[in-house]
Every structure is written in C-alpha cells, then in structure tokens.
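Heads up: the sequence lines are chains A and B, in that order. The first sequence begins at 8 in the numbering used here and counts up one residue at a time. The second sequence begins at 15 in the numbering used here and counts up one residue at a time.
These are computed hints drawn from the structure, not numbers from a lab. None of the hints are false.
Cβ-Cβ distance ranges computed for the label pairs, FRET-style:
#1 B/176 / A/543: 56 to 62 angstroms
#2 B/66 / A/341: 50 to 56 angstroms
#3 A/321 / B/193: 56 to 62 angstroms
#4 B/101 / A/389: 43 to 49 angstroms
#5 B/193 / A/348: 52 to 58 angstroms
#6 A/341 / B/166: 48 to 54 angstroms
#7 A/348 / B/145: 58 to 64 angstroms
#8 B/226 / A/467: 42 to 48 angstroms
#9 B/295 / A/325: 26 to 32 angstroms
#10 B/97 / A/328: 37 to 43 angstroms
#11 B/90 / A/355: 45 to 51 angstroms
#12 A/206 / B/230: 54 to 60 angstroms
C-beta atoms are modelled at their ideal positions from N, C-alpha and C, and glycine is treated no differently.
What follows is the residue order along each chain.
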Amino acid sequence: MAHHGDHTHDAAHDGHDDHDHKPSGFFERWFCGTNHKDIGTLYLVFSLIMFLVGGSMALVIRAELFQPGMQLVEPDFFNSMTTMHALVMIFGAVMPAFVGLANWMIPMMIGAPDMALPRMNNWSFWIMPFAFALLLSTLFMDGGGPAGGWTLYPPLSIQGGNNVAFVIFAVHMMGISSIMGAINIIATILNLRAPGMDLLKMPVFVWTWLITAFLLIAVMPVLAGSVTMLLTDKYFGTTFFSAAGGGDPVMFQHIFWFFGHPEVYIMILPAFGVASEIIPTFSRKPLFGYQAMVYATASIAFLSFIVWAHHMFTVGMPLGGLIFFMYATMLIAIPTGVKVFNWVATMWRGSMSFETPMLFAVGFVILFTIGGFSGLMLAIVPADFQYHDTYFVVAHFHYVLVTGAIFSIMGAVYYWLPKWTGRMYNETLGKVHFWLSTITVNILFFPQHFLGLAGMPRRIPDYNVAFADFNMISSIGGFAFGLSQLLFAWIIIDVCFLKRGQKATAGVWEGARGLEWTLSSPAPYHSFSTPPKIDDRMLAHGDVAH
Amino acid sequence: MAAQSAGGYYVPHGSVWPILGSVALFFLLGGAASLINDDSGPGMIKFLIGLSLLLVMLFGWFGTVIKESVRGMYNAQVDVSFRLGMVWFIFSEVMFFAAFFGALFYARHYSVPWLGGEGDGFATNALLHPGYEAVWPTNGPAQVGGPFETIPAWGLPLLNTLILLTSGLTITLAHWALKVGKRGALVGWMWATVALGCLFLYFQGTEYVHAYQELGLTLGSGVYGSTFFMLTGFHGMHVTLGTIMLIVISLRCMSGHFSKNQHFGFEAVAWYWHFVDVVWLGLFVFVYVL
Ligand SMILES: [Cu+2]
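For reference, chain A alone in the conformation it holds in the complex:
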C-alpha cells in the first residue's frame, strides 16, 4: 500500500496529522501508538502471558490434588490459587485475547483503516497490565490474595485481609478497559464499514463481536456496581449484603450473576464467530445458514439476561423463580443447537482439509458441545441440587472455556498468523500441538465429571481417598496439557522472531474468502487507507453465492 501518497484527496476533510508511516521509536509505537494491529498484538501477547500465569496457578492446584492429603501448599493459599486462577484466566487471558483478535481483524474484515477511536483503544489496552499488577500484588501482601472464590460472594469475600480493596479496584480498572474496548468496537462496526459492506454481509466474527460488545457495555457496569457495594460493606459501614441491617448476601449473588451469565457469552460468542470463519474456509463452502447464525447469536445474547439465577438454585429462591430460570436456561439450547447444526451442515459434503486451524475448529465444535450438554444437565433444578458446587460444574465450565473459548482462540491464531506475520507457521508442529492438547485436555477434565457425580466438592485442597484415582489421572492430564502449551508458545516465537516459515500469499488458504484475504501478507500497517470496492464474490458471508 502507498504509505505516503495519501494527502492528495480533499484536504479540508482530511486530518493532516494522520501519519501513514509507523511511529519511529519503540516507546512511541508500543506505548503511545494508535494502530489497531499494534494494539491487537499487545492484547494477544498480554493474553498469552496471562494464560501462562493463570496456567501455572492451575498447576499448583493440580499438584496439590494429585494425591489426597495436604502435601504442598497451605489451604488458604490453595484457595487463593483457585480464586486467582479464575480471575486471571477470565479477565486476563480469554477476554483480552478476543479483544486482540477484534482489534486485528475487524477493521480488515469491514474495509476500515483502523478502529474508530484509536487513542481510546490504546488506553483500553494499557489499563490492563496495571490492573493485573494491582491484582497480582495481593499475593505478596500480609494475609495473601483473595481466597473466597472469583465470584467474590459475601460474607466470605469481605472477610479477607487488605487484599479486598486492591482486588475490587483492579476489577474496576478491568471494567473500564472492557467498556472502552467495547464502545470502540461498536463505533468501528457501525461507523467504519466500507460502502457496500451491509450489516447482513458482515463476517459472522464481526457480528458476534458487535453483540458481545453490547453485552460488555450492559453488564460490566453492573459488576462494577456489585463490587462497589462489597467495598462499602467492608470499609464504610453499609449493609447491602448483611441481614442484620436489612440486606441479604443472596442479593449480591443476584447482582453478580446478572453480570456473570452474560459474561459467559462474552467469552463464547466471539469463539462462535471464529468457528464460523474457519469452518467454511476449510470446507470450501459458504457458511450454511448465515442469517440463522446471526439471529441465533442475538437470541443467545437476549436470553443471557434472563437466566442468571441458574447459578443459585441451591441458595434459596421462590419455586416460581426456580422454574422460570430452569426453562429459560434450557431455551438457550435451541439457538446454540442451530449453530452446531449449521457448522456441521457447512462441513457436509464440503471438500474438507484439516490444517491446524480446522483441527481446532472441529475440536471446538465437538468438545464445546460436550460442555453444552453438561450445561443442560446443570440447568435442571433437581439435578443441580446434586451437582451444585461439585467437580461436575468444574468439568462443565472448563469444557466450555478451555475446549470452547481457548481452542477457538488457538484456532484463530493459527488461521490468521500468516496474515499477521507474512509467514506460515510450522504445520507439523501445529498438528502435534492440536493432538497433544486435545488428548491431554480430555484426560484433564473428563474424569472431573465422574468426580463431581460421585460428590467431590470444588475449591477444596484435600479430599476423600475414594476420589484418589480420578484426581491423579486429572492431574497427569493437567501437567501434560500445561506442557503442551509451551509448544504453542514456541510455534509463535518461531514464526514471529525466528521467521523460519515459508512466505505466505495474500490468500493464505485456498478456500478463504473475505476482505482480510485481499490484503497482502503481512497486512499493510493501515489496513484500508481508502475504502475497498465490495465485490460479493470475495465475501465469505451474507447472501452471496460463490
């Protein structure tokens, strides 16, 4: 792309300050920059680091649980590991990874030069490392980090030491970052689409992010409000969550899960988007049921606001509430089923090939569906009375989040890495990484279903000897899965720094469609400095025939 020939058009309406070249200094580019690709890279790198940090915490947990009895850590530290592992993985690994993908891909997919509000974009990212510095610093304080579980239920959560204030302020910072990131994504999608890129021609990844961004703006402030009430209950004498003053600890759970359930979809809708990009490419067919995909995503987002109390069936609620939340939750299976059906139908009779991104996408569809089914089991009130707070729940949400969200993120990285760097990753190593991950992740989490059904509670450092065998298997799977991810880090380093892969073409994948594949690999610094002409034949989606 011409980087200096850009000042010829209407000068009155053009920013004379739009530097078309990369900022020169390291500090200018990475700390003060406004480029969507650089900021996307920062998000992705941050997410990978947090993935490894959160993963090490998981290994502490699995090491302690390798055998019954107390071996390695103090119970309180164990509890703070489960708490921190969740906070780091949710807010530090999964969410920033998807925001990073959004930053990189959305402008390229809709024919825009950059994000709509580039400076705010920079701020959204740079709040995150500071928020996590605040959060992780609590591990080194007197009294240790938060140990009451990531859901921060009072009264337990506010009986902690000095960490409470730090954790709450860190959550506030993450919220500010997420809200600004989401506002930016909505403004970009609604305002910066190239002429002809109608809403119903947008890639499904862009659609899922539009809806995710709406969810973020709707619920992150509610989380901020709920933790603010925790803060005042602990430090300023309010009694929102104390029955003595007329409040109710259960009220926190209602407000928290009004955020918490949509949060689950915040972490999975973009994953649906990624699968909807990868599967058509390697099936060499357009996505089956494009509009159904869009409407299913919107339905899931709508339903996510009226199901929150399924996390609270055992805490006490009127019978009418139990029944309403049970059926509303089960309804979600319908749009989700539509999606799974459409992915399978896209593959049906396609001329499929199984490069690493496709392996991860297919793995995602199958393993996420297992997590979906166990979710359906948990939605049934009388069954949930048995499963609640057992390892069955742990198994369920790890299938959804690890083999769901994280598998899709890895698939997305393999899918778009050649576009980002201009080089192919090592395909053999990629496949090895996929198979190692898939086998070990099942050794890790599948036995936890049985542990839960047999009655092993979550968040405990010691357990009955009856649970010993499955725990040992699970721990072995955990360490193997953790080590396999070092291979993932190596593959990325190999492409980005050692630059050993083959040069990638603009199209990269034979069956790839969509605007991002019309740009060179690596993509130019500013994606589209003038809006591209939209030609239906090169679009992946919408009412287009190939």
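Since chain A is already given, all that's left is putting chain B with the ligand on it; use the hints.
Using the frame of chain A, we list chain B with the ligand on its own:
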C-alpha cells in the same frame, strides 16, 4: 452509515495521554486501597500522585482534542464515531445505576419482607429475628446505625427536582441559541445551567448535613441508609462531573469554539446532563417519594 468514508480516513497520531492515564489510575486506586486499609503513609502519597497525574492527563488529552477540533481536523465520520462513543458511554452509566436501583428494589421487595417473615422467611423471622416487622424505611433487625428519620420528599428533594428540570430547559435553550447563532444568549443560558447545577449541589450538601447531624441518617443506617446514600451519592458525583463539564463548555462557547452545525462537544455534555436529570427523576420517585 459509512457514507462519509469516500474522502480520506482520519487516524490520529499517537499520544502519551493514555499510558499516563493508566499509570495515574494505578497510583490513584492503589493509593486509595492502601488508604482505606488504614495504611496512611505511602497510601496518601500514591493517591496524590495518581490524582495529579490524572488531572494532568485529563487536561492534556481534552486539550489536544479541543485543539485538533478547532483546527478542523475532524471530519464528519469522526464526528459520528464520537457520538456513538458518547451514547454507549451513557448507556454504560445507566447500567451502573441499574445495579444500585436493583439493590434497592431487591431489598424492598424481597430481603426485608423475608426478614419480616413473609413467604419462605417464616422460620427466619420466628427463630432469628423474633419481633422484627418488615417496614420501609428500615435499618434491619439489628437496627444497624441506630434510630433515624428520613428526608421528606416534598421539601428540598422536590426543590432539587425543579432545579434539575429547569436546568434541562436552560441547556436546551442554549442549544437553540447556538443553532441560530446567538452567541450572547448561548453563553447566558449556559451559565444559567451551571448556576442551577451548583445550586442543586448546594442543596444536596445541605440535605446531607441535615441527615447526618439532625436525623441520624447515615451511610451506616442499615439497608435504607446504604441504598439512600449510594444512589444519591453517586448521582451527586455525576452532577458534580456534569457541572465541571458544563463550565468547560461554557468557557468554550465564550471562546467561540462551536459553530451552528459543528458542536459535538456541546451536545455530548448536553446528553450527559439530560441523563443525570433522568436518573434524578428515578431517584426522586423511588428513593424519596415511594
Ligand atoms: Cu450461567
């Protein structure tokens, strides 16, 4: 939607303000956390460093944007991005208040009646809180914070309602004056709006002093005091912020920063002010009247 993109796109140059803002938040909130944990030494210093950095950042960032705007660097597409940003920011604020309104409704309709023995709460009341009757206002079975009286809706709160509603009118008149190019009227109505905002805050301050000193109503007065001060307090902070924004905009009006058809900064603050106004109406009805 994307019609304005035919010319050139505008991508701003890099800026040091975002990273400075992050450092500021880190010090501000880290310091605040130390402070409320009674660790006054380094906490206060960190807090003050954070606060000053944040102020520098806000002045710097808004200053840069105002300068760029006055130089005409923002095209119509950028204007739409700013508008979308502001609209969705206000929506996020609405949801923030929704959390506290939710707490108020939950306390009034569920937790307090249950403590009083309604529905499934029969045993709770009989065994744990015998003799506790569910009434509103309440500070719970333990009478947390001691006896208190509430502020009658039809005194100062009503006056404050009228003040805010009037300020909504004056800012609309200012907008009208801006659109027909009457600078004098514009500036006049703007300062009238600022004055009404300050008056509101003065009366609310008076009300708080009255509550704390004479009525025994504090933040610690059980769930009534908690919801009352949280809702009115966060609203008051938003009025304060809105008033500061109005002052900035009034000064910019006097400097002639806005033209008849290009005045997004003005409109953004007007939207924000209307939002604060609407939240107050919710407060007046659900906190004071009902
Ligand atoms: Cu849920």
